[in-house]
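Following the hints, position chains V and H against chain P.
Top line first, the protein sequences correspond to chains P, V and H.
Residues in the first sequence are numbered from 1 upward in steps of one, following my numbering.
Residues in the second sequence are numbered from 1001 upward in steps of one, following my numbering.
Residues in the third sequence are numbered from 2001 upward in steps of one, following my numbering.
Just to be clear, a hint being listed does not mean it is correct.
Stated by the list, open to error - Computed list of lysine-lysine pairs in DSBU-like fashion (alpha-carbon distance at most 35 Å, straight line): (1) H:Lys2014 - P:Lys90; (2) V:Lys1138 - H:Lys2274; (3) H:Lys2060 - V:Lys1173; (4) H:Lys2246 - P:Lys243; (5) V:Lys1199 - H:Lys2246.
Stated by the list, open to error - Per the computed footprint, the stretches of chain V lying under chain H, defined by three or more beta-carbons under 8 Å from a beta-carbon of chain H, are: (6) 1070–1082; (7) 1120–1126; (8) 1163–1173.
These are calculated hints, taken from the structure and not from any lab test.
Computed from a predicted structure; not experimentally measured.
Note that CB positions come from ideal geometry on N, CA and C, so glycine has one too.
One-letter residues, chain by chain:
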Amino acid sequence: MSSILEVKNLHKSYQNFKAVDDISFHVNEGDIYGFLGPNGAGKSTTLRMILGLIKPDSGLIQLDGERVDYSNKKYLNQIGALIERPDFYKNLSAYENLKILYSMSKLKDIRIIDDVLNEVDLLDRKKDKVGGYSQGMKQRLGIAQALMHQPSLIILDEPSNGLDPQGQADMRKLILKINKERRITVVISSHILAEIEKISNRMIVINKGRKVAEGEVNQLMSNDSIKIQIKTDSHTAIENYCKTHQIPFTNENESYYLQWEEAKINELIKSLNSENISLFEVRQLKTLEEYFLNLTN
Amino acid sequence: MIKWLFILLFSFSIGLFSAQSSDAKKRMLNMVEKLERVPPYSCDVNINIDVKFIRIKERVGKMIYRSPEDIDYKIKGFAFLPKKEMGTTSTSLFKDDFIAIDMGKENENQIIKVIPMDINSEIVTGQFWIDSADLVQKMILITKEKGSYTAEMNYNGTLYDLPSKIRMSFDVKNQKMPALLTGDLEAYTDEMDEDEVSKGTITIMYSNHQF
Amino acid sequence: MIRLINIELFKIVKKPRTYIGFLAIFLIVGALQLAMYFEGEELISIAIQNLENDFRLEGKIINANLLTYILLNSIIIHIPILICLVTGDAIAGEAATGTLRLILQRPFKRSEIYMAKAITGFLYTISLMVFLAGMTYGLGFLLFGTGDLIVLRRGVTVIASDDVTWRFFYAFCSGTLSMIVVASLSMMISSFVNNAIGPIVGTIAILIGLNIIFTLGAPIFKDILPYIFTSHITKWQYFFDFDIDKLVLQQSVVVQFVYILIFNLVGIWNFNRKDILT
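Bound conformation, chain P alone:
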């Protein structure tokens, strides 16, 4: 399966704060790719960098094998996005909002506006001002504007925010429909594991700007995924060890969380000892869910 989006070694800092610290991942064509992380992990920042809203300090972004060039915005023809809140011109109707965006695209047939409004079930409200829409309606309109110019990739940043359980279910249904019927690759970010788990086939987990895990959802959610919680005072040593052995890790409250296979934990401990890394505690965590719950508590 070919890669539609490739992100390599992305960095972004604000003064002394590292918002995104060496993040790499790839999205295959046809994926519903989950982007999971607690609030403030760097999800939105990463997605904004893909869209050119934020300029990375360093790193590479490729779309369909072509390097993204911020000076030439043509690549945005292939991407539709809904970042954070679905913000529109409140004094204009849904139709007028989409018409503005239609005018900014290469589309030739204005009937596409009615088509996408119908797809998100807003056709009968198209002449109403967006200021009077409910949150759910705005989210759907957000999806409509992302779909309208027929992109190959859609990026949805927390699309279920503010929705009730029924609204969340409807949103998931819509995303699955877009992916299956229109064959659009979807990147969906969230801080709710269950949401990602339900519709994504692949995912990345980030925390404090760093990648913690990446892979098939099935695999990550199985018992073979992130297992180890290590407490140590040899901070530099353990970080160097992980970098040298290319072990993804994260640091939280003086604990280090490593992705490791359950069967090879003893080997890891021996290896750490041989490097004179002091270990106060080594704890096996059962699932990604448990790990993620630790992070978010």
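This is chains V and H only, laid out in the frame that chain P set:
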């Protein structure tokens, strides 16, 4: 003997002086009479103003004369005109009794100084330059409160010896808005001329008289 | 670019705040002209008291031309505020409401989007000035008729009514150019902040501040005054001099164009490098 000679000489001088004054006064009264004989008329006027702080192009219009105290102008657009009082003032000089003194000649023009007898008169004194054809070439009036003004006349044979051109000069108080007030900062100078008075001139050309 | 300008014009036409400017001009002009209608003679006689002492003034002083001249002075403060309400909102307002994020996800360069907004702002400015001209002269003509224009600046200048029209045309052009400088400044500030109030307050603060500094310090700053853009806002008055100083006016046009260029270049530079966090 010498004493009687001085008395005789003095009496002769007074007599001579009185004779000259009465001649001058007669001449002035003739002038006034001539002016009173002018019937109402209208004519075309061209008005030019030369004042330090006023910039305005020549104005054209019509003047309607009914009497020396009753002159009206119909000018196209806006115009600065001599104050009505100038006409009134010069004629009021002769309303009550006055002394006329022959001041001699200047360029073939007889100079007659007129002093009103009424101590409440607005005019302190007036001086007239009259030529041999009994035409007033120039007059200067000095007033109590409104400074002095000068009028110079030109004639071209119009009926009733009306002038074809009058050039009036008078004192004008400087009209200057502070540069800081108008926002005209480039005109700002450190020297503020407060209450500066300068000479202003109004020149009126008369033509096409219709009586 | 035409597409983007059309979109920006559509947005401006649909925004209620766009019409605040026109309404405000209507009210200001209407109020002043009515005030002059009822109290004008008395006000004017105070101004020309000295002249009335020395001359008989013949002709209509209060007329459409005088009122247009007086109201053109409103470009010093009133009109800039009304312009900033729209141009200051161009980027900062959209950043605050989140719609900036929406349009920057489209395949257009940020500089193109900025220029479209700037040009739309300039068109709005021009329309406000045209409305001001039409309103002042139109209502003035209805109430007072026409006549010679008397200007009390560097003395007294009387301009014949048939010599006034072309002067007003150039005066309004000059005033409009000054207001485009103001629009450019507010747009530039708009690119730096994420709330719409900042550019409005900032622009007016700069205008008032520079006016005060250079008015009070006129003797000290006399040499740099020609290079400060606020000193050119009243340059339109030069068109009502008896002998128009063409050199000063040409220099004024050049200086103002330079400011428009600088403000827009700085605005574009900042907009290009700015991270969109809202």
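Hints versus structure:
no.: 1; hint: H:Lys2014 - P:Lys90; verdict: 11 Å, holds
no.: 2; hint: V:Lys1138 - H:Lys2274; verdict: 81 Å, violated
no.: 3; hint: H:Lys2060 - V:Lys1173; verdict: 23 Å, holds
no.: 4; hint: H:Lys2246 - P:Lys243; verdict: 73 Å, violated
no.: 5; hint: V:Lys1199 - H:Lys2246; verdict: 30 Å, holds
no.: 6; hint: 1070–1082; verdict: holds (count 8)
no.: 7; hint: 1120–1126; verdict: violated (count 0)
no.: 8; hint: 1163–1173; verdict: holds (count 4)
Hint compliance for this structure: hints 2, 4, 7 are not met, and every other hint is.
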